[in-house]
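Enquirer: Chains as they are written, first to last, in my numbering: chain A, 149 to 458; chain B, 25 to 185.
Derived by calculation from the structure, the hints in this document are not laboratory data. Among the hints, a few may not be true.
[What the hints assert, rightly or not] The following residues of chain A were derived to be distant from chain B, with all beta-carbon distances above 10 Å: (1) Lys216; (2) Val295; (3) Ala304.
[As the list claims (entries may be wrong)] The following label-pair restraints were derived from C-beta to C-beta distances: (4) B:Asp37 / A:Glu299: 42 to 50 Å; (5) B:Gly126 / A:Arg204: 35 to 43 Å; (6) B:Asp78 / A:Lys216: 41 to 49 Å; (7) A:Ala157 / B:Asp78: 24 to 32 Å.
[Said to hold, decoys possible] Going by beta-carbon spacing under 8 Å, a handful of chain A positions derived as facing chain B: (8) Ala157; (9) Val186; (10) Arg192; (11) Ala203; (12) Gly207; (13) Phe211; (14) Gly212; (15) His214; (16) His254; (17) Phe320.
Each residue gets a CB set at the ideal place from its N, CA and C atoms; glycine is no exception.
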Amino acid sequence: MGRVLLPFAYHEPKTVAEAMELAKRDAGTYIMGGCTLVPSLRRRQRRDKCLISLARVEGLDDFGIHPKSGLRIGAKVVASALLPNIWAGKRFAALHEACEQLYPPHIGNMGSVVGNLCSAVPYFDLPTAALALDGEMHVTGPDGDRVIALEEFYVAKFQTALKPGEIVTHLFCQPYKPDTGSSFKKIYRSRRTIEDLHKINAAAMVTLDEERDRIIDARVVLGSWGHRPNRYRAAEAALIGNAPNFDLFVAAAEAVTAELLPATDMDWVEKTRFAQARVLLRDTIAQAASRAKSRHDPFEDATEMLEDAR
Amino acid sequence: MKMLATFNVNGRDYDTVIEPHMTLADVLRDKLRLTGTKRACTAGNCGACTVLADEDPICSCITLAVLARDKRIETVEGLAAPGGALSPLQDAFVKNNAAQCGFCTAGMLMTAQAQLRDNPRPTREEVKQSISGNICRCTGYVKIVDAIMQAAEEIQAAEGA
Ligand SMILES: Cc1cc2nc3c(=O)[nH]c(=O)nc-3n(C[C@H](O)[C@H](O)[C@H](O)COP(=O)(O)OP(=O)(O)OC[C@H]3O[C@@H](n4cnc5c(N)ncnc54)[C@H](O)[C@@H]3O)c2cc1C
């Protein structure tokens, strides 16, 4: 690399309406931190003629994470903002872990959570984690506001369901059900050949019943495999209704790998990758289940007691 | 599309003419002549271009300069005292031979500076974690971690005294 960027026009609107107007007039691309955009402009993978910065747009810095009201992260919030938040760590652990494991760590100070999700890069981590948490993108656009579930957000490699000019205002995740845990893990650089993907990432969310001895709801997501992170319903079905234990987690992981297609024609590469995926999924589900089981928040009990007293 | 921009670097305001496609590293080095910050991978992977923006380490090689105008930028030139006396962190790097070719050093120092502000008594593990985005191909990192640990101790001792 080392190549300079090609010149482009640049705008700094102050309001969402102004940003959409400029995007329409100049066919501009939105930019937040630029961590995806700048390297791809430099590599000439993109040649945008006009960038519209969202950095000074008002009203995109929502940041609220609470067990009762869910997670709400505005377009301007960078990934490292989640790290010191106790509820992000306890209640939205999958996303918190994905932000914590961004590598290099500097990226967390520069790249926005929403920008990471909007990049639609198949090997990014936050989409995998946010999909396991049932995230939804709140969008405003020339034709009004709408909500897109992350499941429907990724249409193809590098391509989202956003229409031209639409801005994601924030990411929203529903509050957890009681006795729920989530987890995210990745194996970084399992790359062996140029055809091989760099890494594998997985996220899971598990909900237990009131006695905490049976799984009543589950999400199992694998990323960096194919063009987008995917939920694996067969694995989820294998988990639901059963007692959480090691054999069950192994079976669920196998249900995922049974659906995967090899990415190369090199047998030993695929053997390694499939084995890694199995272990990663097994451990991710196991950790989510153990968090669901051990969950205890004195604060939440206290607020529930207060509500009962009222 | 030339524009006049003001950057706050090491506590001083600099007015300069930039273009929107310039990165912060370009502006620091080529416009403000603060050449301590290095350009290496230009992809955000190696950490040689690390500067602090509002006290957080960022990669100046993939940050557009226009996006850094609202931030307080700190570069390696701002570490030493105005008279030229080295900061405790720089001094510890010298004493521990924590640099060989020196290309990563400016970035290492800035990342370490941010960490010691946030966490004045880091463990070795925490130091390794925080400099994990700064790549050094010469030292093997041991002396760099030693230097940061020693600087942490010296800063603590000086504050206690
Ligand atoms: C060296 C390096 C290492 C990285 N490592 C990791 C890693 O380990 N794991 C990982 O998951 N990611 C990683 N990333 C990716 C990084 O996290 C993302 O690039 C970053 O979070 C994107 O956010 P941004 O604000 O910089 O987006 P930008 O680059 O500014 O924008 C990205 C895209 O999203 C669009 N966009 C942004 N905001 C909006 C909005 N509000 N509405 C509509 N469209 C929008 C833009 O138009 C653009 O197409 C890495 C990146 C780099 C450079």
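Enquirer: With reference to the structure, classify each hint as holding or not holding.
Expert: Now for the hints, and whether the structure bears them out:
{"no.": "1", "hint": "Lys216", "in the structure": "holds, 30 Å"}
{"no.": "2", "hint": "Val295", "in the structure": "holds, 28 Å"}
{"no.": "3", "hint": "Ala304", "in the structure": "holds, 24 Å"}
{"no.": "4", "hint": "B:Asp37 / A:Glu299: 42 to 50 Å", "in the structure": "holds, 48 Å"}
{"no.": "5", "hint": "B:Gly126 / A:Arg204: 35 to 43 Å", "in the structure": "holds, 38 Å"}
{"no.": "6", "hint": "B:Asp78 / A:Lys216: 41 to 49 Å", "in the structure": "violated, 31 Å"}
{"no.": "7", "hint": "A:Ala157 / B:Asp78: 24 to 32 Å", "in the structure": "holds, 27 Å"}
{"no.": "8", "hint": "Ala157", "in the structure": "holds, 6 Å"}
{"no.": "9", "hint": "Val186", "in the structure": "holds, 5 Å"}
{"no.": "10", "hint": "Arg192", "in the structure": "violated, 13 Å"}
{"no.": "11", "hint": "Ala203", "in the structure": "holds, 6 Å"}
{"no.": "12", "hint": "Gly207", "in the structure": "violated, 17 Å"}
{"no.": "13", "hint": "Phe211", "in the structure": "violated, 16 Å"}
{"no.": "14", "hint": "Gly212", "in the structure": "violated, 22 Å"}
{"no.": "15", "hint": "His214", "in the structure": "violated, 25 Å"}
{"no.": "16", "hint": "His254", "in the structure": "holds, 5 Å"}
{"no.": "17", "hint": "Phe320", "in the structure": "violated, 26 Å"}
When the structure is compared with the earlier hints, violations turn up for hints 6, 10, 12, 13, 14, 15 and 17 and for no others.
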